[in-house]
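> Protein chains in written order, with this note's numbering: chain B, 1 to 204; chain Z, 205 to 530.
Hints may contain errors.
[Unchecked claim] Below, simulated SDA-like cross-link-like pairs (lysine to any residue); rule was C-alpha separation at most 20 Å, straight line: (1) Z:290 <-> Z:448; (2) Z:290 <-> B:20; (3) Z:332 <-> Z:413; (4) Z:290 <-> B:201; (5) Z:290 <-> B:202; (6) Z:290 <-> B:162; (7) Z:290 <-> B:140; (8) Z:332 <-> Z:378; (9) Z:511 <-> Z:521.
No lab work stands behind these hints, which were simulated from the structure alone.
All values reported here derive from a predicted model rather than from experimental measurement.
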Amino acid sequence: MKKIVTWTLRILAVVAVVALSIQLEPLDQRASETFDPTQDIEAFWNDELPELVQGYRVVDADLFRAELKNNRKLLVDRYGSTLGIGAPYSMLLGGEFEVVAVGEELTHIRTAQGAEFDLRTNYIFGNTVREATAAFSIDDYENTMDFNLVSSELNRRIIEQVIAPQRDQLAVGVRLQVVGAIDLPQEGLPKGRFELIPLTLNLR
Amino acid sequence: MLSKSIFRIDRSILRPLVALLVMALAMSFLSENFATSDNFFNVMRQVSVNLCISVGMTLVILTGGIDLSVGSILALSGAVAAGLIKTGISCEGVNLYVSFTFFGVVVVALLVGAFLGWFNGLMVTRFKVPPFIATLGMLTIARGMTMLYTNGHPITGLGAQFEYLGTGWFCGVPMPVLVAAVVVVVFALFMRKSPWGRYIYAIGGNERASRLSGISVNRIKLFVYTMAGLLSAVAALIVTARLDSAQPNAGSGYELDSIAAVVIGGTSLNGGKGSIWGTVIGALIIGVLNNGLVLLNVSPFWQQVIKGLVILLAVIMDRMSAKEQA
Numbered sequence: 001m002k003k004i005v006t007w008t009l010r011i012l013a014v015v016a017v018v019a020l021s022i023q024l025e026p027l028d029q030r031a032s033e034t035f036d037p038t039q040d041i042e043a044f045w046n047d048e049l050p051e052l053v054q055g056y057r058v059v060d061a062d063l064f065r066a067e068l069k070n071n072r073k074l075l076v077d078r079y080g081s082t083l084g085i086g087a088p089y090s091m092l093l094g095g096e097f098e099v100v101a102v103g104e105e106l107t108h109i110r111t112a113q114g115a116e117f118d119l120r121t122n123y124i125f126g127n128t129v130r131e132a133t134a135a136f137s138i139d140d141y142e143n144t145m146d147f148n149l150v151s152s153e154l155n156r157r158i159i160e161q162v163i164a165p166q167r168d169q170l171a172v173g174v175r176l177q178v179v180g181a182i183d184l185p186q187e188g189l190p191k192g193r194f195e196l197i198p199l200t201l202n203l204r
Numbered sequence: 205m206l207s208k209s210i211f212r213i214d215r216s217i218l219r220p221l222v223a224l225l226v227m228a229l230a231m232s233f234l235s236e237n238f239a240t241s242d243n244f245f246n247v248m249r250q251v252s253v254n255l256c257i258s259v260g261m262t263l264v265i266l267t268g269g270i271d272l273s274v275g276s277i278l279a280l281s282g283a284v285a286a287g288l289i290k291t292g293i294s295c296e297g298v299n300l301y302v303s304f305t306f307f308g309v310v311v312v313a314l315l316v317g318a319f320l321g322w323f324n325g326l327m328v329t330r331f332k333v334p335p336f337i338a339t340l341g342m343l344t345i346a347r348g349m350t351m352l353y354t355n356g357h358p359i360t361g362l363g364a365q366f367e368y369l370g371t372g373w374f375c376g377v378p379m380p381v382l383v384a385a386v387v388v389v390v391f392a393l394f395m396r397k398s399p400w401g402r403y404i405y406a407i408g409g410n411e412r413a414s415r416l417s418g419i420s421v422n423r424i425k426l427f428v429y430t431m432a433g434l435l436s437a438v439a440a441l442i443v444t445a446r447l448d449s450a451q452p453n454a455g456s457g458y459e460l461d462s463i464a465a466v467v468i469g470g471t472s473l474n475g476g477k478g479s480i481w482g483t484v485i486g487a488l489i490i491g492v493l494n495n496g497l498v499l500l501n502v503s504p505f506w507q508q509v510i511k512g513l514v515i516l517l518a519v520i521m522d523r524m525s526a527k528e529q530a
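Hey, can you work out the whole structure from these sequences and the hints?
Structure, rendered in structure tokens:
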């Protein structure tokens, strides 16, 4: 009898904690209220991005290398976009490259004039792509989490729709045309090569 | 009678207590901004996070163990709390959306912390993995899980009710300080008054003798690591609420600050000797040192050097005192 009472009290306590902890509502009712990054970037991905990668905001890879030494400020002012103090300048960069070496996450590529980059072909994180496009503003979002979900969705689509269909064809000597996003630190240079996250990737 | 016993000052903490007073006095002369009520509450708020973690760390170190995973557990518990507030749980199969109340978020965050701590304890007791390695593994696991859960992004905008926990005041005391004070008193009472508190000292003093005298060593150790995880989750709630966001890299390096607080407070790294009140003083010393050096405009690089030297000094004094007693 004592055991039954003890267990009843324990179960009641757990039920009370659960009842005080959660609220239930139909999912479809909730879905209309929550932010959907897939829907949010649909128009950008289908309509704006194809124009953006062919537009004046894409810096040529060789020009980038030259201006980095000669006029970094021009690069930043003309092509760069940044989240704020301390954050790198993100920009769109394009050109024709040849594959020098293929790695699991990074593929070493080089232009005819010798500008070298690491093409990211897996595990894309961060806000480089979102910032480089300069198409999204924090002011348009309710909170930074929703803003960051835009980055996650862009990164996911790049992996699945841009890289995955062509990853197996990447081999040493293959020529490719890429427009992608890079981060330029506020000061100095990255330790290795600049990483280029592809937005379009055409193998020739 | 009871209160006398809880707040009784152990002789071993006299040295850190004097050091704290001297340091506070020196800082008040060196910086006019140090001895102000605003700065006092500022220091207390900063110390409260380290204090919660350090109380758990004290229990672990008293058994002769160590817990390197507290910072990562903090990050994961905070991320889970923030994630539940922001997105809840969607059950598509049954067309159900589960949202969490403030109480629910606190309960789940504490359960996450306690579970990870329990897992550490399981590794140490059941699989005999040295505490250093077991908790080093958890440090990486929990950090990785935090990155996976948050996708590497902060989770922000957690609402006024949750924010109150980190920035609110209750009866003229900042909430984080109040939470830390409750933690300290509960665990000081536990260590002094409960048999399990005495067992923790006994295990650290001589594990074999404790086992032979009938103490369930594994059970106590499991409990101790679970509490360390739970208290990391308490700290996680404070940090997340204070910042109104869960950062995926939150808590990095907190394990070192908490170990420092425990050691400076006179707890022996060999276990069996120390107290919660010593840890309180140790955490205050670290807090005053951090705050004072910032007020004095000391370079952050020098701050690290000075903090390291203080820790070394504390350990050397601990060794010398042990030698004297022997």
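> Are the hints correct? Go through all of them and say.
Hints, one by one, checked against the model:
About 12 Å separates the Cα atoms of residue 290 of chain Z and residue 448 of chain Z, which keeps this hinted pair within 20 Å; it holds. At roughly 18 Å between alpha-carbon atoms, residue 290 of chain Z and residue 20 of chain B fall within 20 Å of each other, so this suggested pair holds. Restraint check for residue 332 of chain Z and residue 413 of chain Z: the C-alpha separation of about 18 Å stays at or below 20 Å, so the hint holds. Restraint check for residue 290 of chain Z and residue 201 of chain B: the C-alpha separation of about 36 Å exceeds 20 Å, so the hint is violated.
This hinted pair does not check out: residue 290 of chain Z and residue 202 of chain B have alpha carbons roughly 39 Å apart, beyond 20 Å. A distance of roughly 31 Å separates the Cα atoms of residue 290 of chain Z and residue 162 of chain B; the hinted pair therefore is violated under the 20 Å criterion. About 18 Å separates the Cα atoms of residue 290 of chain Z and residue 140 of chain B, which keeps this hinted pair within 20 Å; it holds. Taking the CA atoms of residue 332 of chain Z and residue 378 of chain Z, the gap is about 42 Å. The hint is violated against a cut of 20 Å.
Only pairs whose Cα atoms come within 20 Å are accepted, and residue 511 of chain Z paired with residue 521 of chain Z is accepted, the gap being roughly 15 Å.
In the structure shown, a violation is registered for the earlier hints numbered 4, 5, 6 and 8, in ascending order.
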